[in-house]
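Line by line, the protein sequences are chains A and B. Counting with my numbering, you get residues 2 to 294 for the letters of the first sequence. Counting with my numbering, you get residues 25 to 562 for the letters of the second sequence.
Hints are computed from structural coordinates only; laboratory data are not their basis. Because the structure is a prediction, the values reported are computed rather than measured. Careful, some of the hints might be misleading.
As the list claims (entries may be wrong) - For lysine-lysine, the following DSSO-like pairs were computed, each having C-alpha atoms within a straight-line distance of at most 27 Å:
#, chain 1, residue 1, chain 2, residue 2
1, B, Lys-518, A, Lys-69
2, A, Lys-192, A, Lys-230
3, B, Lys-448, A, Lys-69
4, B, Lys-85, A, Lys-152
Unchecked claim - Pulled from the structure, derived: some chain A residues nowhere near chain B, Cβ distances all over 10 Å:
#, residue
5, Asp-132
6, Asp-190
7, Pro-232
8, Lys-274
Ideal Cβ positions, reconstructed from N, Cα and C, are used throughout, including at glycine.
Listed below are the residues making up each chain.
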Amino acid sequence: MAAASLALASFGGVALAEPSPWQLNMEPGASTWSHVPYDLNNISLAVCVVIGILVFGAMFIAMFRFRKSRGAVPEKWAHNTTIEVVWTTIPVIILVSLAYLATGGLTSWADTTGSQMTVKVTGYQWKWRYDYVSYMGKPIEKVGFMSRLDKQSDDTRQLDSGMDPYAVKVGDEHTYLLNVDKPLVVPIDTKIRFVITGGDVIHSWWVPALGWKLDAIPGIINAAWTNIKTPGTYRGQCAELCGQDHGFMPIVVVAKSKADFATWLSEQEAESKKSPPPPAPFDEASQAAAQRD
Amino acid sequence: MSYAATHDQHDDHHGAPKSFFRRWCMSTNHKDIGTLYLIFALTMFFIGGSFAMTIRAELFKPGLQLVQPYFFNELTTMHGLVMIFGVIMPAFVGLGNWMIPLMVGAPDMALPRMNNLSFWILPFAFVLLLSTLFLPGGGPAGGWTMYPPLSLQSNSLAYVVFAIHLMGISSIMGAINIIATILNLRAPGMDLLKMPVFVWSWLITAFLLIAVMPVLAGAVTMLLTDKYFGTSFFNPGGGGDPVLYQHVFWFFGHPEVYIMILPAFGIISEIVPTFARKPLFGYKAMVFALACIAFLSFIVWAHHMFAVGLPLGADLFFMYATMLIAVPTGVKVFNWVATMWGGSMTFETPMLFAIAFIILFTIGGFSGLMLALVPADFQYQDTYFVVAHFHYVLVTGALFGIMAGTYYWLPKWTGQMYSEFWGKVHFWNSVVWVNVLFFPQHFLGLAGMPRRIPDYNVAFANFNMISSIGGFLFGASQLIFLGVVIHAAFFSRKKAADRAWEGARGLEWTVPSPAPHHTFDVPPVIHDEELAHGNVHA
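Build the full structure now, drawing on both the sequences and the hints.
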């Protein structure tokens, strides 16, 4: 029964940007790299299902054939070197193949060189801050903003609010707890480097459609990259317990065509010349001092 | 003369003390202390379970209906701490206390007074831990892993750290006692490679405990000094590193997860030969696999940290090392199946739990293998996929192992048979509902639901509701277990034979049922055919 549901799960994946009801499997994602975890997930799941069918199958045959009620007489042997060598060696071969696939995927993920854009992501209790650092080799001045849970979700999620989570929608899409007041806007077909850090406690920046998550740790700057293939809205959530509102700090990435992104960026730059973006709520030194108190 | 002097001081030599206080609070008897551990674990199981029920009730549908988010975090934290340190570990120590001396032909544990102390520390540790829920500021809410800087924001940190120190002292004393008993008090002829696999599994587990509990104590002590004494081990503002805590914690934490599963491997290795009426297949391979798993557990800790941004080389090393664990674990599973093959099987409740253990633990192992692949782990990490994984290995693994062992040895403890009908009712309810509870959580994780959140998008509603229904029914099924145990202890009229199971082998079945207060005052004579794994030299 469990094996059957596992097999079913392996066929459940369809290209989606948001979780859908009854979704059984991971999404292939929307970036040039995001198929790597998806493929590894499916391959390793298939390997496990096959091994499971063989092992559990042998067990069920044994349970049927060798029962006392059918008059089975126990045998005396308790050892067989050949078969023990075989079932130690075969798993090693399977594992080496899986490790080979995973190593290639991981090595390509770790290479953040040659990026055309850099965005700094900072996690705070309980919101994200995005600062645009550079685009196409040119530094970007003063484009940065906070991104927090949208008002409608925030009102609905209060204890005994009496409001219906199913009523939180953008168009036809149910966005309860997966929408923000101001999304991160990025271009498609661009290798974007994210530098990720934390302002107070550890958070984790995760958009499933990009294929990875990376912790936002105070005092440490992590780097990862993505290259989104199709325009769209990609939603994610904080993935490291960060306090009472950990479940309420979503991430929304809006991927636009390069032309649309350039327009958006110049609007932002013009706006920031008029009014500078608000500073970060804490810097690390004051946070450290607060911890000592 | 010295014998006479000793004898005079042990006026209770042929029976338990009459006074309740003297018997239970001042006990130095391995059986009574084992019983105390088991009762303690069962009590904590229902407390930890009530936290889980509240969590599943809040997650029954989207929107917050029952608890505030902060209290939800207290519940997940307490559920983890109580189930790990209050249920699984004490239950295994209780089983070890009861059965190891009986299995190696020893009159008692090697250090009986320390045995008493190591148990009686525990109730105080847990009163301290649980009391934080009623204190201003509430209990710990940073997860059972207590990652800084978040855990440093909690006002109950000092209580939690002290409680963990006490639990650690208790575990270390228990482990020392088990090692001393196994290495020194075996009956003549009970060579190391003739010991039951359960005894082997505990010997190896005890070494793991001694190695890593001090590491946990060190990690939480650094949290304490960071919060109250101005140090900056984990505070980047003072030159510290929050990731250092995670390395130290998981250097404890990964061996810890094997501490919680190796004794279960041992129990299953006793039960399967008994009900297959055939010697354990590949005894030496089983012992060697245990030792391999224990060794590997020390070099895989950072697979809990693939998302923290380790260097590529570290990711690769920990991925390869983690995948290696599948080999000895696979050997164990194959050997259990080979033990069944060609046997003459019956399916009493202990065997049913053992078979469910093998299948469901293996499913947990499969998801463990998937989690080991770093790029896939970038997606799985900190989602419900991980929650499903570790509940498969800890509930249908460790807990089912404990329940299998309880049904298996209950006749020896109480002298009466439990109700086979109600045992099977408990089994079938547990095995069905535990899968309804945890299997859909794989889907939730793959669809993108993070763990440790009190509320979720409506896309996750269906499987959360199914999971909660499974959770409530699994929880309720455990009341049947309580009923079966109480019935077997006090009300069952069916006397157990000394050898309660037809195919049971091992010294514990040569003593009367119930096991008298003192056993093996005279060392027994070991016959190879009496051992569960038969003649190991064949």
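- Structure versus earlier hints - violations, ascending order: none
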